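K.L.:
Between the sequences and the hints, there should be enough to build the whole structure, so can you do that?
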Amino acid sequence: MFWYDLASSLLIGIINTLELLLISAPLGTGLGIAVGILSSRKGFLSILARAFSSIFRGFPLLVTLFIVFFGLADFGIYLSPTASAIISFILCSSAYISEYVRGAILSIDEGQSLAAKAIGMNETQEFLHIIIPQAIRRALPSISNEIVYMVQYSSLAFAIGVQEIYSVAKSFNSLYFRPLEIFSTLAFIYLSMTALVTLLFRKLTERLRIPD
Amino acid sequence: MMLRVEGLRKRYSDIEVLRGVDLELREGETKVIMGPSGAGKSTLLKCINLLVRPDSGKIFIDGEEITSKNSDVYKVRQKIGFVFQEFNLFNHLTVMGNVTIGLTKVKGMSKSDALLKAKEVLRAVRIGEELWDRYPAQLSGGQKQRVAIARALAMDPILMLYDEPTSALDPQLSMEVLSVMRELSKKGMTSLVVTHELNFAIEAANSMAVMYEGRIVEEGSPEEVIKNPKTAEARAIFNGRSNYVLV
Amino acid sequence: MPSLLEYIPFLIEGSLWTLSLVALGLSLGLSLGLPIALMKFYGVKLDAYIWFMRGTPLVVLLSLLYWGVFPSFGVELGPFETSVIALGLRSSAYQSQIFLSALNSVDSGQIIAARSIGMRESQVVTYVLLPQALRISLPSWSNEYAIMLKDSSICFALGVMEILTRARYISVATDSALLPYLLAGVLFFSLTHAGTGALEIVYRRVKIKGTLGG
Chain A
0 MFWYDLASSL
10 LIGIINTLEL
20 LLISAPLGTG
30 LGIAVGILSS
40 RKGFLSILAR
50 AFSSIFRGFP
60 LLVTLFIVFF
70 GLADFGIYLS
80 PTASAIISFI
90 LCSSAYISEY
100 VRGAILSIDE
110 GQSLAAKAIG
120 MNETQEFLHI
130 IIPQAIRRAL
140 PSISNEIVYM
150 VQYSSLAFAI
160 GVQEIYSVAK
170 SFNSLYFRPL
180 EIFSTLAFIY
190 LSMTALVTLL
200 FRKLTERLRI
210 PD
Chain B
0 MMLRVEGLRK
10 RYSDIEVLRG
20 VDLELREGET
30 KVIMGPSGAG
40 KSTLLKCINL
50 LVRPDSGKIF
60 IDGEEITSKN
70 SDVYKVRQKI
80 GFVFQEFNLF
90 NHLTVMGNVT
100 IGLTKVKGMS
110 KSDALLKAKE
120 VLRAVRIGEE
130 LWDRYPAQLS
140 GGQKQRVAIA
150 RALAMDPILM
160 LYDEPTSALD
170 PQLSMEVLSV
180 MRELSKKGMT
190 SLVVTHELNF
200 AIEAANSMAV
210 MYEGRIVEEG
220 SPEEVIKNPK
230 TAEARAIFNG
240 RSNYVLV
Chain C
0 MPSLLEYIPF
10 LIEGSLWTLS
20 LVALGLSLGL
30 SLGLPIALMK
40 FYGVKLDAYI
50 WFMRGTPLVV
60 LLSLLYWGVF
70 PSFGVELGPF
80 ETSVIALGLR
90 SSAYQSQIFL
100 SALNSVDSGQ
110 IIAARSIGMR
120 ESQVVTYVLL
130 PQALRISLPS
140 WSNEYAIMLK
150 DSSICFALGV
160 MEILTRARYI
170 SVATDSALLP
180 YLLAGVLFFS
190 LTHAGTGALE
200 IVYRRVKIKG
210 TLGG
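In order, the protein sequence lines correspond to chains A, B and C.
With numbering that gives the first Met the number 0 as the guide, the letters of the first sequence map in order to residues 0 to 211.
With numbering that gives the first Met the number 0 as the guide, the letters of the second sequence map in order to residues 0 to 246.
With numbering that gives the first Met the number 0 as the guide, the letters of the third sequence map in order to residues 0 to 213.
No lab work stands behind these hints: they were computed from the structure.
Nothing here was measured: the structure is a model prediction, and the numbers come from that model.
Ideal placement from N, C-alpha and C gives every residue a C-beta, glycine not left out.
It cannot be assumed that every hint is accurate.
Said to hold, decoys possible - Lysine-lysine pairs mimicking DSSO-like chemistry, simulated, CA-CA at most 27 Å apart: (1) LYS104(B) to LYS41(A); (2) LYS41(A) to LYS68(B); (3) LYS118(B) to LYS74(B); (4) LYS74(B) to LYS104(B); (5) LYS116(B) to LYS185(B); (6) LYS68(B) to LYS118(B); (7) LYS41(A) to LYS74(B); (8) LYS116(B) to LYS104(B); (9) LYS118(B) to LYS78(B); (10) LYS206(C) to LYS39(C); (11) LYS202(A) to LYS206(C); (12) LYS78(B) to LYS110(B).
As the list claims (entries may be wrong) - Okay, the calculated bits of chain A under chain C, using three or more residues with CB under 8 Å as the criterion: (13) 67-81; (14) 136-142; (15) 178-190.
P.N.:
Here's what the structure looks like:
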């Protein structure tokens, strides 16, 4: 009975965790790429982008979670735990991803940019068709790493009451009190999810690889 | 006059790289520029297609002043083909992709039209169909440079600029590239070539200019300048070379 | 907000606990991670340990140890000690990767040269490999410091009196949320930059001249 109950509880937790991840991962990556592009250029927007990245990399995820969930409530903005978690994950992961994208863009050989200009491309065309496609491929390993982190750090959403896997496991433990089995199972679930994400990114990297 | 450069000056921090360069190129003419490294040859070429902005001076392409405030940099660059020493092929695109991207994204051609034009120029530089789906990393140096030439030619330029196109290639691969360039010159493409290849100068060029410390110090036909250099700088380059420059 | 101002010393005091967690966690991570890296370098397979420690969320490891493993073995370790162990174990997995990659990047020609002048393997490690690998690792290790600093906030789950736990207390006591947590964030931010800045200075002093990574 124990294992059956555990499985069914955890299933709910897994669904909630997946909901968090399936929304936060793409949006976080998208925002991260956008901020990364901005921070690699010059000008006021670039400074803002880099400030954004610096702040949300400097704040622990938990602090961001609390600020979004509890802090905004001070101003009458009441967000649900799930919404707060999603927003926090997006802010945090995009900050890190923007750094990887920025680094990748800056690492692209200047000659690529010169050649693009030489055939008459303007800055937008150069970025869109020449720089970005190469930069994303370079940043992919780091981006995939960040998503793997997101899977693990999704556990922190328990702190604001999201019924994700860890939260569910904790409640379950307070009923059945078999922490060794429960938390080991939990570890195993996270390890499996991590392995799955790693595999998916390996496949993606293979598909996008430039033959040499 | 296809190209006229007047009093071009360019300074990088405390070094004046171009100190008043004057140059003329007629339509259909191929001119070679030679000189020691640091003379400003590469900077001169990059100013002509405005990859580098000169500090002062004027540049006229086909009668139009491109250094004026109103000129459209992007339109100008479409008319000029530039071939780099390091090839600078787009690494993430195939050979065909490299040649067609300017046509589709800059000129707005349809994919099928771009493909036709690309095939035409690729045949002109003798890059066979078996290579069209390859990526730059899978090509030899000579193949890369010929694809780079095709990429520039596809845009139908009225002027071709070559910045030491064979300096990164061993003698064997240089030959394939130089012969393509020679053919283009013979077909009437106005070309300005920075190179160290004396044979190319003699066989393919109509005129030669010697650059030294940011200025053009001597000009004339290639044979004249190489065999009878008049200035000290030119003599320093060609002295003792005229013996084995035989076709 | 006079009541909030009163609590600021209380909040800043939390830094001592936070930094202790970080210092001890990093030390544990180093003392395990470096040997693991060396073992992997010489061919010992330790992938399972690394995989487990890297793939398990910190909060799960904390719970597993504090409520599961330690009580089962009759071990009585408090929240602080358990936190240090959890942080240290996870860090050892990440640090072992940092050191392994640094060891691998030391030119193998040097190892062969050292052996051929008669050095025993332990001497090769001590006099040729480690001095270079440790220097090369500094930038990544500095990153590990930053990560550990932020992860230490997770130990609030066991009630350790670090910065975030205190921010929560203050938030409840003053019935305001934004300011305490914002201040906590600023505190973490500052400690991160101070630490990585200091490590950057150390790195510049010790780096191997003439090489890219060093």
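K.L.:
Compare the structure with each hint and give your call.
P.N.:
Hint by hint, here is what the structure shows:
{"no.": "1", "hint": "LYS104(B) to LYS41(A)", "verdict": "holds, 25 Å"}
{"no.": "2", "hint": "LYS41(A) to LYS68(B)", "verdict": "holds, 23 Å"}
{"no.": "3", "hint": "LYS118(B) to LYS74(B)", "verdict": "holds, 24 Å"}
{"no.": "4", "hint": "LYS74(B) to LYS104(B)", "verdict": "holds, 13 Å"}
{"no.": "5", "hint": "LYS116(B) to LYS185(B)", "verdict": "holds, 21 Å"}
{"no.": "6", "hint": "LYS68(B) to LYS118(B)", "verdict": "violated, 37 Å"}
{"no.": "7", "hint": "LYS41(A) to LYS74(B)", "verdict": "holds, 24 Å"}
{"no.": "8", "hint": "LYS116(B) to LYS104(B)", "verdict": "holds, 14 Å"}
{"no.": "9", "hint": "LYS118(B) to LYS78(B)", "verdict": "holds, 20 Å"}
{"no.": "10", "hint": "LYS206(C) to LYS39(C)", "verdict": "holds, 25 Å"}
{"no.": "11", "hint": "LYS202(A) to LYS206(C)", "verdict": "violated, 38 Å"}
{"no.": "12", "hint": "LYS78(B) to LYS110(B)", "verdict": "holds, 21 Å"}
{"no.": "13", "hint": "67-81", "verdict": "holds (count 6)"}
{"no.": "14", "hint": "136-142", "verdict": "violated (count 0)"}
{"no.": "15", "hint": "178-190", "verdict": "holds (count 9)"}
In this structure, the hints that do not hold are numbers 6, 11, 14, in rising order.
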